[in-house]
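Asker: These are the residues of each chain, in order.
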Amino acid sequence: MDFLSFIPENNDCDFDRLMRVQQKMTARIPTICPERAEIITQVFKNTEGEPIVIRRAKAMAEILKTMTIYIEEDMLIIGNQASKNFAAPVFPEYSIDWIVEELDEFEKRSGDSFSISEDTKDRIKAIWSYWHGKTHQDEVNMNLPEINRLAEKQGVLHRGGISMSGDGHIIPNHDFVLSVGYGGIAEIAKEYLKKDNLKKEQIDFYKAVIIVMEGVLAYIKRFSILAKEEAKCQTNRKRKEELLYISDVFAHLMEGGAKSFYEAVQTVYLTHLLMMIESNGHSFSFGRFDQYVYSYYKKDLDTGIISKEKALEIITHFFIMTNSLNKIRPWNHTQYSGGYPLYSNLMVGGMKPDGTEGTNDISYLCLEAMNISRLPEPNLSVRFCKNTPHSLILSAAKLIRKGFGMPSVFCDEVGIPAMMTLDLDLETARDYASMGCVETAIPGKWGHRATGMTYINFGKVFELVLNNGFDPATGIQLIKMNGNEGSEVEYETYEELWQAWKTALKFYFGLAVDCDMVCDKSLKYHDADAFASSLIDCSLERGKTLKNGGAKYDYVSQSNIGPSVVGDSLAAVKKLVFEDKILTMKELKKSLDENFESEEGARIRQLCKKAPKFGNDDDYVDYIVADVYESYLELLPEYKTDRYGHGPIGCGYTMSTSNITSYVPNGFDVGATPDGRLAGKPLNEGASPCLGADKEGPTAVINSVSKLPNDRMAGGQLLNMRFSPGALEGDENLEKFANFIETAKYKKIFHNQFNIIDSKTLKDAKEHPEDHQDLMVRVAGYCALFSTLMPEAQDAIIARTELDWN
Amino acid sequence: MSDVKGLISKIQKYSTKDGPGLRSTVFMVGCNLKCVWCANPELIDSEPQILYYAERCKKCGRCASVAENNSIIVTEKGCRIDRKQCVNIEECAKQCFYDAYETVGYQITVHELVEKLIRDEAFFEHSGGGVTFSGGEAALQYAFVLQAAQLLQQNRIHVALDTAGLIPWDRLYRILEYIDLVLFDIKAFDSKIHKNCTGVDNSIILENAQKIAEIEKSMIVRMVIVPNMNDQMDDICARFEFIKKLGSVVQQVDILKYHKLGYGKYILLGKHNRLIDNPECSLEFISEVKRIGESMGLITVIGG
Numbered sequence: 001m002d003f004l005s006f007i008p009e010n011n012d013c014d015f016d017r018l019m020r021v022q023q024k025m026t027a028r029i030p031t032i033c034p035e036r037a038e039i040i041t042q043v044f045k046n047t048e049g050e051p052i053v054i055r056r057a058k059a060m061a062e063i064l065k066t067m068t069i070y071i072e073e074d075m076l077i078i079g080n081q082a083s084k085n086f087a088a089p090v091f092p093e094y095s096i097d098w099i100v101e102e103l104d105e106f107e108k109r110s111g112d113s114f115s116i117s118e119d120t121k122d123r124i125k126a127i128w129s130y131w132h133g134k135t136h137q138d139e140v141n142m143n144l145p146e147i148n149r150l151a152e153k154q155g156v157l158h159r160g161g162i163s164m165s166g167d168g169h170i171i172p173n174h175d176f177v178l179s180v181g182y183g184g185i186a187e188i189a190k191e192y193l194k195k196d197n198l199k200k201e202q203i204d205f206y207k208a209v210i211i212v213m214e215g216v217l218a219y220i221k222r223f224s225i226l227a228k229e230e231a232k233c234q235t236n237r238k239r240k241e242e243l244l245y246i247s248d249v250f251a252h253l254m255e256g257g258a259k260s261f262y263e264a265v266q267t268v269y270l271t272h273l274l275m276m277i278e279s280n281g282h283s284f285s286f287g288r289f290d291q292y293v294y295s296y297y298k299k300d301l302d303t304g305i306i307s308k309e310k311a312l313e314i315i316t317h318f319f320i321m322t323n324s325l326n327k328i329r330p331w332n333h334t335q336y337s338g339g340y341p342l343y344s345n346l347m348v349g350g351m352k353p354d355g356t357e358g359t360n361d362i363s364y365l366c367l368e369a370m371n372i373s374r375l376p377e378p379n380l381s382v383r384f385c386k387n388t389p390h391s392l393i394l395s396a397a398k399l400i401r402k403g404f405g406m407p408s409v410f411c412d413e414v415g416i417p418a419m420m421t422l423d424l425d426l427e428t429a430r431d432y433a434s435m436g437c438v439e440t441a442i443p444g445k446w447g448h449r450a451t452g453m454t455y456i457n458f459g460k461v462f463e464l465v466l467n468n469g470f471d472p473a474t475g476i477q478l479i480k481m482n483g484n485e486g487s488e489v490e491y492e493t494y495e496e497l498w499q500a501w502k503t504a505l506k507f508y509f510g511l512a513v514d515c516d517m518v519c520d521k522s523l524k525y526h527d528a529d530a531f532a533s534s535l536i537d538c539s540l541e542r543g544k545t546l547k548n549g550g551a552k553y554d555y556v557s558q559s560n561i562g563p564s565v566v567g568d569s570l571a572a573v574k575k576l577v578f579e580d581k582i583l584t585m586k587e588l589k590k591s592l593d594e595n596f597e598s599e600e601g602a603r604i605r606q607l608c609k610k611a612p613k614f615g616n617d618d619d620y621v622d623y624i625v626a627d628v629y630e631s632y633l634e635l636l637p638e639y640k641t642d643r644y645g646h647g648p649i650g651c652g653y654t655m656s657t658s659n660i661t662s663y664v665p666n667g668f669d670v671g672a673t674p675d676g677r678l679a680g681k682p683l684n685e686g687a688s689p690c691l692g693a694d695k696e697g698p699t700a701v702i703n704s705v706s707k708l709p710n711d712r713m714a715g716g717q718l719l720n721m722r723f724s725p726g727a728l729e730g731d732e733n734l735e736k737f738a739n740f741i742e743t744a745k746y747k748k749i750f751h752n753q754f755n756i757i758d759s760k761t762l763k764d765a766k767e768h769p770e771d772h773q774d775l776m777v778r779v780a781g782y783c784a785l786f787s788t789l790m791p792e793a794q795d796a797i798i799a800r801t802e803l804d805w806n
Numbered sequence: 001m002s003d004v005k006g007l008i009s010k011i012q013k014y015s016t017k018d019g020p021g022l023r024s025t026v027f028m029v030g031c032n033l034k035c036v037w038c039a040n041p042e043l044i045d046s047e048p049q050i051l052y053y054a055e056r057c058k059k060c061g062r063c064a065s066v067a068e069n070n071s072i073i074v075t076e077k078g079c080r081i082d083r084k085q086c087v088n089i090e091e092c093a094k095q096c097f098y099d100a101y102e103t104v105g106y107q108i109t110v111h112e113l114v115e116k117l118i119r120d121e122a123f124f125e126h127s128g129g130g131v132t133f134s135g136g137e138a139a140l141q142y143a144f145v146l147q148a149a150q151l152l153q154q155n156r157i158h159v160a161l162d163t164a165g166l167i168p169w170d171r172l173y174r175i176l177e178y179i180d181l182v183l184f185d186i187k188a189f190d191s192k193i194h195k196n197c198t199g200v201d202n203s204i205i206l207e208n209a210q211k212i213a214e215i216e217k218s219m220i221v222r223m224v225i226v227p228n229m230n231d232q233m234d235d236i237c238a239r240f241e242f243i244k245k246l247g248s249v250v251q252q253v254d255i256l257k258y259h260k261l262g263y264g265k266y267i268l269l270g271k272h273n274r275l276i277d278n279p280e281c282s283l284e285f286i287s288e289v290k291r292i293g294e295s296m297g298l299i300t301v302i303g304g
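Note that the protein sequences, when read in sequence, are chains A and B. Here my numbering is used: the first residue of the first sequence is 1, the next is one more, and so on. Here my numbering is used: the first residue of the second sequence is 1, the next is one more, and so on.
No wet-lab data here; the hints were simulated from the structure. The model shown is predicted, which means the values in this text are computed figures rather than measured ones. Be a bit skeptical, because a hint or two may be false.
What the hints assert, rightly or not - In silico contact screen, one side only, chain B against chain A (beta carbon under 10 Å); selected entries: (1) Q12; (2) K17; (3) H126.
Unchecked claim - Below, computed lysine-lysine pairings styled on DSSO-like, alpha-carbon distance capped at 30 Å: (4) B/K116 with A/K745; (5) A/K747 with B/K116; (6) A/K747 with B/K17; (7) B/K77 with A/K766; (8) B/K17 with A/K707; (9) A/K695 with B/K265; (10) B/K265 with A/K610; (11) A/K609 with B/K59; (12) A/K586 with B/K58; (13) B/K116 with A/K748; (14) B/K17 with A/K760; (15) B/K10 with A/K745; (16) A/K609 with B/K271; (17) B/K260 with A/K766; (18) A/K352 with A/K298; (19) B/K94 with A/K590; (20) A/K310 with A/K299; (21) A/K609 with B/K58; (22) B/K17 with A/K398; (23) B/K59 with A/K586; (24) B/K59 with A/K760; (25) B/K77 with A/K609; (26) B/K94 with A/K695; (27) B/K77 with A/K763; (28) A/K763 with B/K10; (29) B/K10 with A/K760; (30) B/K5 with A/K695.
Quick reminder that beta carbons are idealized off the backbone N, C-alpha and C, glycines included.
Whenever a hint applies, use it, and build me the whole structure from the sequences.
Answerer: Following this line, the structure appears as structure tokens:
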């Protein structure tokens, strides 16, 4: 075993077994499981007329009491989401039509395929008629204004998961769960229920919480019985003892608080899993794991109950098990998020609320566990601040060097001020954690869905600006930049062009907010989740679900794709047309329309490509890209979410450049752009420079990104860099790389993530996936097995500039 | 101080092999040694060079149409350029819309250069890095390097000079005033071997090494080992002995493993490389060289 810094001193951690289960999980087979769908259908049929929060609670309780359960062979951490490992449950209440339509397609997909049996297909078809017309998606479709549909046809807006699945995007208050248990939460609900003058909404909510927690405890007890049975037939003595131990633990687990480190970790996993049985969002995240389990670890370590080695084993089992969970998405969403991602972020390191540094043993052990598990989940992130031990960064750098994209690193010196731009006090802001890819939230205090609302394709908006609002591809025109129909428009000055951009962005942003609102209002009903809600501060006190305003804070962000393409394009137009005057707008426009074909097109494209590009520490263009960010940021204060006035602090918008793989399919819809990009090619990823545009090396990329308003990006900023393996070889280069990461704190770099793989390996993996089954890459805020991505996304990753500086 | 111009090919940022910490290496154009193994052949002549990339060429023929003496012929594999006859290759290159031609080498003033370099100050400071002047032979453009190094030092940036040492001492001495660390190349000890490999005698080079040691300027000595050229064991030992005598100013000896990564550039330049079939250095041999250096009490590192 090749450790980062850990040296095992005893045999408490069975590394052979870890290798075995790791390999098994790497070869996991994605399938679809209809059980949950059938149970919820039955419960909904039986509970017509009851309040939705109660119906959902009853359904969840029934699912937990009757679904197939199993104990994954060899595992210390147990609990299953569906009837088989890596089987995705079905959530018909959010959307069903596409599932039925795509039943025969799941197996044929070029990425994220699922194997599905004929029996499963039949069972899903059988429930279709009950749900058809009643789902969240149906309600959204009914309420979405026609103009939004047209904006979607143009390719400017994309509705994303919010229109057809649950919300997800939540970091529960694990501290709270671990201290009182699910039983304790039910007790709290019972106490509240005794109060006078409760509203019906509150009574329903408390009742739902009690129902759901009772179901959860029943589910846990089922495992106690199962473990005991399995122990009977188990011949391996060690495993037999483990099963008996599990049986004992599960007999009373979480009736009250966690009693040991093992119970704490097992509970963290269960809470995660249970949220993913209740609802099918994604980005259910773990928050600051090293902070909230540390006291349990320390107590067990001090009393000799566990060793550091045993703790590592438990954490690694937990990490591996998070990969047993799965989710199905429609094909058009899969293009936006390839590689079966669940975005279950887990964060270690960083400042505590009191301002002291929080790194502890668990922080290091999580890095070691990831080094052993090498699977896409959890999405491991490291926070660091001025006082973070250099050894933690060095361990993180060593893990990054392994080449599977984790951890990503967050800099407190930027993240905390960014969170402070919301109405947070300093102590609260210091407790931020990453949720999903790079989005940020305060664990236990944020409602559902901090980000990933409606996607806005910045590249497309810019193309429309050049075409007077007329879309050359669809012929749809929703806004007329000069007041006239058609694509003819003249911009006499850069300022005119810039104002047109701002006008168009504001127009489409408004539509995107309308879309967010339609989806949010529908989810109030369809995502009335008693379990998840009860894990967030203030929900129990207020007697409200999150969607009704239960959370302490409420902020959302959309996903903006292509700010660097827009900035580079603006810079090219500014320089070539308005300043150097070596091109006319007409000439440029003609070449764009023709996708730079013809010799004249090639001449113009060369000029465009030579114009300043973001990512090279060139102030001229870097500040134009920063202007693009500002143009979005300045729109935000005017808009509120549906929860405004219903309890939470905030209820406003913030900005994030987390855009998963959407920069690839969003590029399909955008014609050639003045930065020299050809029609249909990818836009830029997050806040990263355009593919191949950064030619001055990694420090120049950092310097460019540092000019963006990173400390106002409270929704999270995404930067993805690729280094060749040689650049990190040996201790000396590793040290230099660690120094490079740490310098981010002087450079206002919110977040950075790295791929350490050479192009040759990636190209080979595309050609011969069978030889590279375990090749994991950093996609865009999360990691995925390279072989599971669709070819276009694979190409984009290959094309991402390889920073090989030696 | 007038703003002197220099001819450089590029600034390589995040450079990890040209001294301590994260560095920006400034590659200067022009060299007075002609090492047969040179990995940067575009930096030998003291003028911008034009590289031609056949794979980017669309065979449109625009370059050929202006080439004098019919010196460019468009073939199926791209353009065949008769470099001797092509007296207006710069003009030909300008015709290309597809970046098949690339000009290496551009003029930059001291202030422009320093303004670019100090942008990475935070990286230098945090990693203990700085700027390295390399090439080509950086010290040939001594007025430029001197002023740039002086300005960098005024900005508290660590400056290293990578040199082959064939520079009149009075000039080298004046530059060294503003240099924190010298990366000094010793290609051979025996003057015949040296001349065979580099085309020049090494007596001034060795003298300069001693003089640098005398003024107690920190040095890292770099030895490239090329099979069949300068891998004679007795000469390698002689190099080490010479280095040892330089004393404690030598912080480290870098053994540079000969590689052929730069040979593609000969093709792009339309030049021939004599060593194209020469074997690369074996790790065993390099390790043996390292062992010898260490046995003499020198801190010896492979790579560097």
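Asker: Does each hint hold? Answer for all of them.
Answerer: Structure-based check of all given hints:
A cut of 10 Å between beta carbons decides the hint on B/Q12: the least distance to chain A is about 6 Å, and the hint holds. At its closest, the beta carbon of B/K17 sits 6 Å from a beta carbon of chain A; the interface hint therefore holds under the 10 Å criterion. Interface restraint check for B/H126: the shortest CB-CB distance to chain A comes to about 5 Å, inside 10 Å, so the restraint holds. Of the pairs offered as hints, the one joining B/K116 and A/K745 holds, with about 21 Å between alpha carbons and a cut-off of 30 Å not exceeded.
Of the supplied pair hints, the one linking A/K747 and B/K116 holds, its CA atoms being roughly 16 Å apart against a limit of 30 Å. As the CA atoms of A/K747 and B/K17 are separated by approximately 24 Å, the hinted pair is consistent with the 30 Å bound. Proposed proximity of B/K77 and A/K766 is supported: the alpha carbons are some 27 Å apart, at most 30 Å. Annotation: proposed proximity of B/K17 to A/K707 holds, straight-line Cα distance about 28 Å (limit 30 Å).
A hinted pair counts as satisfied when its Cα atoms are at most 30 Å apart, and A/K695 with B/K265 qualifies at roughly 19 Å. Of the pairs offered as hints, the one joining B/K265 and A/K610 holds, with about 23 Å between alpha carbons and a cut-off of 30 Å not exceeded. For the hint pairing A/K609 with B/K59, the CA-to-CA distance comes to about 20 Å; that is within 30 Å, so the pair holds. Distance restraint check for A/K586 and B/K58: the Cα-Cα separation of roughly 26 Å lies within the 30 Å cut-off, and the hinted pair is therefore satisfied.
Of the pairs offered as hints, the one joining B/K116 and A/K748 holds, with about 19 Å between alpha carbons and a cut-off of 30 Å not exceeded. With a CA separation close to 23 Å, the supplied pair B/K17 and A/K760 stays within the 30 Å bound. This hinted pair checks out: B/K10 and A/K745 have alpha carbons roughly 28 Å apart, not beyond 30 Å. Proposed proximity of A/K609 and B/K271 is supported: the alpha carbons are some 29 Å apart, at most 30 Å.
Of the supplied pair hints, the one linking B/K260 and A/K766 holds, its CA atoms being roughly 28 Å apart against a limit of 30 Å. Distance check on the hinted pair: A/K352 and A/K298 sit about 17 Å apart at the alpha-carbon level, within 30 Å; holds. For the hint pairing B/K94 with A/K590, the CA-to-CA distance comes to about 23 Å; that is within 30 Å, so the pair holds. Taken as a hint, the A/K310 and A/K299 pair is honoured in the structure, with Cα atoms around 14 Å apart against an allowance of 30 Å.
Pair hint A/K609 plus B/K58 holds up; C-alpha atoms about 17 Å apart against a cutoff of 30 Å. Under the criterion of a C-alpha separation no larger than 30 Å, the hint pairing B/K17 with A/K398 is consistent with the structure, at around 19 Å. Restraint check for B/K59 and A/K586: satisfied, since their Cα atoms lie roughly 28 Å apart, inside the 30 Å limit. For the proposed pair B/K59 and A/K760, the alpha carbon gap of about 27 Å is at most 30 Å, so the pair holds.
For the hint pairing B/K77 with A/K609, the CA-to-CA distance comes to about 25 Å; that is within 30 Å, so the pair holds. Between B/K94 and A/K695 the CA atoms are separated by roughly 21 Å; this keeps the pair inside 30 Å, and the hint holds. Between B/K77 and A/K763 the alpha-carbon distance is near 24 Å, which keeps this suggested pair within the 30 Å criterion. Between A/K763 and B/K10, the direct Cα distance comes to roughly 29 Å. Compliance with the 30 Å bound is thereby established for this hinted pair.
Pair hint B/K10 plus A/K760 holds up; C-alpha atoms about 25 Å apart against a cutoff of 30 Å. For the hint linking B/K5 to A/K695, the alpha-carbon distance of about 23 Å falls within 30 Å, and the restraint holds.
Checked against the numbered hints above, the structure violates none of them.
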